[in-house]
Amino acid sequence: MSGHRRDFAERLLGLATLGLPPRRRGWGQAMRAELSAIESTAERQDFALSAARAALRQGVALQLIPALAASLAVAAIVLIASRWQLASGGPGVLGATVFLPALPLGVAAFVAGRRAHSFRFGLRTGALAVLGAFSALFVMLAVEGQVWMQRVGVFMLDGDPPRVPVGAGEIALDLITTGMWVGHLLIWLPWPVIGAALGAAIRRHPVAA
Amino acid sequence: MARDRRPSPQTAAVLRALAAQGAQWSHGYELCTRLQLKAGTVYPILIRLADQGHVEASWEAAPPRGRPARHLYRLTESGLERARQAPATQRQDALRSLRPAVEGPLA
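Just so you know, the sequences run in chain order A and B. With our numbering, letter number 200 in the first sequence gets 200, and the count goes up by one each step, no holes. With our numbering, letter number 61 in the second sequence gets 1061, and the count goes up by one each step, no holes.
Keep in mind the hints are simulated off the structure, nothing from the lab. All C-beta atoms in this analysis are idealised placements derived from N, C-alpha and C, irrespective of residue type, glycine included. Heads up, some of the hints might be wrong.
Stated by the list, open to error - Not everything, but these chain B residues come out facing chain A in the computed CB check (under 10 angstroms):
{"hint": "1", "residue": "Gln1024"}
{"hint": "2", "residue": "Tyr1029"}
{"hint": "3", "residue": "Leu1035"}
{"hint": "4", "residue": "Pro1044"}
{"hint": "5", "residue": "Ala1050"}
{"hint": "6", "residue": "Ala1057"}
{"hint": "7", "residue": "Trp1059"}
{"hint": "8", "residue": "Pro1064"}
{"hint": "9", "residue": "Ala1069"}
{"hint": "10", "residue": "Arg1070"}
Isolated chain A (complex conformation) (with noise of 0.2 angstroms):
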């Protein structure tokens, strides 16, 4: 190869190999290093490929896979506590909505930090989960929100009557317009970090041969 020339493949590669967590790097360095001598087009871009796969699994998926779970777990989190108080007429969600999410947002974060052995990479994941976590949330609130409002004719969140007739786009942004999304990240925030900082405080023990 004559120079330094940026090919697809170096490129993807090199992209691919980013979302890598830090004790991984090397091995990201070690599969653009083995790119660099791969002198045909094909076969280079055959390898660039391959290893992507490999740098994304090990990379990107172990971030995405515990922040799309905990963001699963959010929805159900909110669906379920939906349907029991609304079955059994209680004052709204908000006990649940507020509270009960902290452990899938710790637990995403201890997961990733853990295999990772990484607290940025823990927390990074938790950041993701708490984005997901949040849109969860607003979608499912948004969803239920309108069945509450039809069925007892109160707020999903809160249990309140509203003082004057409301549409369905305040019912859907009632999280917002409250301010009570404030609230949830308050008590949300700690608990990825928790989780990352435990995650990476734990080693695990290499396997016996």
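Guided by the hints, dock chain B onto chain A, whose structure is given.
Relative to chain A, chain B alone:
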């Protein structure tokens, strides 16, 4: 609790290929081409074997000018032991079973 899993056919192939090299170092791509396995299969195996202490990795001491140092791999003592215990891969089994038929008429 310590786990002692039977290695996959691909892991067994990597172990045997490295064992065949003895104390000599191998490159990742060289292993891929020799075993006809994709990089996406070989590298996770090397990473896992290195985590388990079966593979020793090192950087090339004097890479050619204009090219970064490559990673080199060889088995540790425990890796050699693991390679001895590793079963022959399906591909090796298949080749072995084909060889008499192929070699027969030529012999």
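Hint check: 10 angstroms Cβ-Cβ cutoff, alanine 1069 of chain B to chain A = holds, 6 angstroms
query = Once the shortest beta carbon distance from alanine 1050 of chain B to chain A is found, is it less than 10 angstroms?
reply = holds, 8 angstroms
inquiry  = Under 10 angstroms is the threshold here; is the Cβ of proline 1064 of chain B close enough to any Cβ of chain A for the hint to stand?
reply    = holds, 9 angstroms
query = Does the interface hint hold: is alanine 1057 of chain B within less than 10 angstroms of chain A, judged Cβ to Cβ?
reply = For alanine 1057 of chain B, the interface hint holds, since the closest Cβ of chain A sits about 8 angstroms away, which is under 10 angstroms.
ask   = Taking 10 angstroms as the limit, does the beta-carbon of tryptophan 1059 of chain B come near enough to a beta-carbon in chain A?
value = Cβ of tryptophan 1059 of chain B sits 8 angstroms from chain A, so the hint holds.
task = Under 10 angstroms, Cβ to Cβ, is where leucine 1035 of chain B needs to be relative to chain A, so tell me if that hint holds or is violated.
result = violated, 13 angstroms
inquiry  = Checking hints one by one. Is proline 1044 of chain B an interface residue toward chain A, by the C-beta closer than 10 angstroms rule?
reply    = Where the cut-off is 10 angstroms and the nearest Cβ of chain A is about 5 angstroms from proline 1044 of chain B, the hint holds.
Interface restraint verdict for arginine 1070 of chain B against chain A (beta-carbon cut-off 10 angstroms) = holds, 5 angstroms
inquiry  = Would the hint on tyrosine 1029 of chain B be counted as holding, given a Cβ-Cβ threshold of 10 angstroms to chain A?
reply    = This hint holds: tyrosine 1029 of chain B lies near chain A, its Cβ roughly 5 angstroms from the closest one there, short of 10 angstroms.
task = Hold the hint about glutamine 1024 of chain B up to the distance rule: shortest CB distance to chain A must be less than 10 angstroms.
result = This hint is violated: glutamine 1024 of chain B lies away from chain A, its Cβ roughly 17 angstroms from the closest one there, beyond 10 angstroms.
Checked against the numbered hints listed earlier, the structure breaks hints 1 and 3; every other hint is satisfied.
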